[in-house]
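All chains, please: the whole structure from these sequences, using the hints.
Protein chains in written order, with UniProt numbering: chain Y, 1 to 250; chain U, 1 to 253.
Everything labelled a hint here was simulated from the structure, so no lab data went into it. Be aware that a few hints might be false.
Claimed, not checked - Some chain U residues judged to face chain Y by a derived CB distance under 7 Å, without partners named:
| no. | residue |
| --- | --- |
| 1 | 24 |
| 2 | 82 |
| 3 | 86 |
| 4 | 90 |
| 5 | 114 |
| 6 | 117 |
| 7 | 118 |
| 8 | 121 |
The model shown is predicted, which means the values in this text are computed figures rather than measured ones. Beta carbons: idealized from backbone N, C-alpha and C, even for Gly.
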Amino acid sequence: MQILHTFLDWHQMRAVLPELIATGLLNTLILAAGATVIGLVVGIVLALGALSRHRVLRYPSMVYLDLFRGLPVVLTIFLLGQGLPFAGFHPLGYGSYPYGIAALGLISAAYIAEIFRSGIQAVPPGQLEAARALGMPHLRAMRIVVVPQGIRNVLPALTNQFIGTIKDSSLVYLLGFTISQRELYRIGQDAAQQTGNLSPLVAAGVMYLVLTVPLTHLVNHLDRRLKSGPKLTAAAVEPEAAPVPAVSAS
Amino acid sequence: MTNLDETAIAVTSSVEIRGLRKSFGHVEVLRGIDLTVSNGEVVCVIGPSGSGKTTLVRCINRMEEPTGGSIVIDGVDITDRKVDINAVRSRVGMVFQSFNLFPHMNALANVSVGLRKVKKVPKAEAERIALDRLAAVGLRDKARARPSQLSGGQQQRVAIARALAMDPTLMLFDEATSALDPELVKGVLNVMTDLARAGMTMVVVTHEMGFAQRVADRVVFMDKGVIVEAGPPEQIFEHPQTPRLQSFLAQVL
Ligand SMILES: Nc1ncnc2c1ncn2[C@@H]1O[C@H](COP(=O)(O)OP(=O)(O)OP(=O)(O)O)[C@@H](O)[C@H]1O
Ligand SMILES: [Mg+2]
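Structural data, given as structure tokens:
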């Protein structure tokens, strides 16, 4: 009974629930979504760089990928989130919140770049060739023909990455947030410390699962649709928006 | 079945290839090719696998960078680094063995995308031209279909329409029918025949000896990176001079 009380005390959970939802869930979503937007923008640039034929573009991108994927998330968050302001750089102001988003975003950019890169490489080379043969310059051919196909291949992996970022966002509290900036984990942890009971932390965990479990199933669903191949394209066919008068081919 | 023959091609290109060489690493795949294609001429390239046919046509729009020699299209040496290769490619149509239609676009978008994104033609005008080219290959009613909903033969005809939309002055075909089921080959060959009759300058790599015999003005036989024999189809198919061509024809005919 002691165990039940420590982890699943309903009253403790209910007490922390409003704050978990109003503040924690909101901040976790802001952190993860903001980081993912940064990650997508920086990630696609890095992916194109890593795929470039020019060394001056390729090498810096590869170094970035190696660095950010090779370091522990906590360390990167500290180095960027505390290090920058510490060193006298305040490009994002004096609060630590935007640095937290930026650090998470730059980390996920490395993983997203790798996802884009493999997705783009999975597009048959004939696609780029056909576009180039029409006279499209390389970058335009990538943008119009290759990247849109690559992105469809990588939706499951991107969703997975978003799940990872939701979980990683529990680390940015280390940078020191104000009360209203606390995300799910921090609120659960604070309440657990105040009450000496772990139930608020369990409640925070449930909130994470509410976010991540549906996404995980979405990944599985997307994966299955991709694997079923032609069906995807057949199902994705747009309806006859402006039917063309059928001309009898004589 | 198509209306290509009703509209003669107004402007065509000529090609003059001199001493063309191409190496991949240490392997020389083209070892000095000389070939002239006049305005409106149809040249079919035949030869055994690995003889360099694909490499030759891919050099003509510089999808492969030649390692030596010159390729002069309408008086301009396109192997010159200063040439705007994208401008050249926008006038040289290429049709691939594997179609390479863009699967995320319907047929109409496949055919109009070059006009819109290379020639910057406004959407409505581009689609009007695209529909016209789809009609020319007998597929106007498939404008809204995705490539995955089309047969291989239909896909290849859309690919030809995609090239034709750019108003090319020269068309390159690399085994356009080799990936097709036998019953679908004829439809594609008919479109190519119409195009030839309409006066297009064409370089056609093909295994379809019947097509070469009927449509080519000249047939070029390649082996091991060189042109071994070239001449009108009657001469190539009925009076082959070299043992290499004789044994090749014995195998394929
Ligand atoms: N990108 C490449 N890298 C290295 N070798 C290549 C490359 N492309 C072609 N080759 C080689 O060049 C030679 C000629 O190839 P090519 O594709 O031009 O022949 P082909 O006459 O078109 O043959 P096929 O009838 O089989 O299509 C072959 O030996 C091939 O292996
Ligand atoms: Mg070939």
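Against the structure, the hints:
no. : hint : in the structure
1   : 24   : violated (15 Å)
2   : 82   : violated (16 Å)
3   : 86   : holds (5 Å)
4   : 90   : holds (3 Å)
5   : 114  : holds (4 Å)
6   : 117  : holds (6 Å)
7   : 118  : holds (4 Å)
8   : 121  : violated (13 Å)
The earlier numbered hints that this structure contradicts are 1, 2, 8.
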